[in-house]
Amino acid sequence: MAKQAITLKIAGKSFSLDIESEKEEIYRLAERELNNFFAQIKQNPRKNWTDQDYLSVTALQFAIANVALRQSREVGSDDLKKLTELDAELDSYLNTLG
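If you count by this note's numbering, then the sequence shown holds residues 7 to 104, one letter each, in order.
I should point out that these hints are in silico values taken from the structure, not numbers from a laboratory.
It is possible that part of the hints are untrue.
[What the hints assert, rightly or not] 27 Å max Cα-Cα, derived BS3-like pairs, lysine-lysine:
{"hint": "1", "residue 1": "15", "residue 2": "53"}
{"hint": "2", "residue 1": "9", "residue 2": "19"}
{"hint": "3", "residue 1": "29", "residue 2": "15"}
{"hint": "4", "residue 1": "53", "residue 2": "29"}
{"hint": "5", "residue 1": "15", "residue 2": "48"}
{"hint": "6", "residue 1": "53", "residue 2": "19"}
{"hint": "7", "residue 1": "19", "residue 2": "48"}
{"hint": "8", "residue 1": "19", "residue 2": "29"}
[Stated by the list, open to error] Pairwise CB distance ranges, derived in the manner of DEER restraints:
{"hint": "9", "residue 1": "73", "residue 2": "29", "range": "20 to 26 Å"}
{"hint": "10", "residue 1": "37", "residue 2": "77", "range": "25 to 31 Å"}
{"hint": "11", "residue 1": "62", "residue 2": "100", "range": "54 to 60 Å"}
For each residue, glycine too, the CB sits at the ideal point set by N, CA and C.
Sequences and hints are given; from them, build the entire structure.
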């Protein structure tokens, strides 16, 4: 896979990265989303907070969203498993009728 150098600016600081070319859009969208969350959190100033504190809370927001997404997928997976089992039971029942 082809690599390319990009620079992302997060909370005013530039970061140079070598990434797979196909993933540039994902990185750019993540940069934009991170900076948007950061700006929203900074709108409620806290006494003695540095940018690092605001970034930590931003990271926490992303981690919470990630965990919630994984949990919702697990629930969906359990539901799918139950539906598959129910489908098999129905097939078995219908086959005994015919």
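Here's how the hints hold up against the structure:
| no. | hint | in the structure |
| --- | --- | --- |
| 1 | 15 with 53 | 25 Å, holds |
| 2 | 9 with 19 | 22 Å, holds |
| 3 | 29 with 15 | 17 Å, holds |
| 4 | 53 with 29 | 38 Å, violated |
| 5 | 15 with 48 | 17 Å, holds |
| 6 | 53 with 19 | 22 Å, holds |
| 7 | 19 with 48 | 16 Å, holds |
| 8 | 19 with 29 | 21 Å, holds |
| 9 | 73 with 29: 20 to 26 Å | 23 Å, holds |
| 10 | 37 with 77: 25 to 31 Å | 26 Å, holds |
| 11 | 62 with 100: 54 to 60 Å | 57 Å, holds |
Comparing the model with each numbered hint stated earlier shows that hint 4 is the single one that does not hold.
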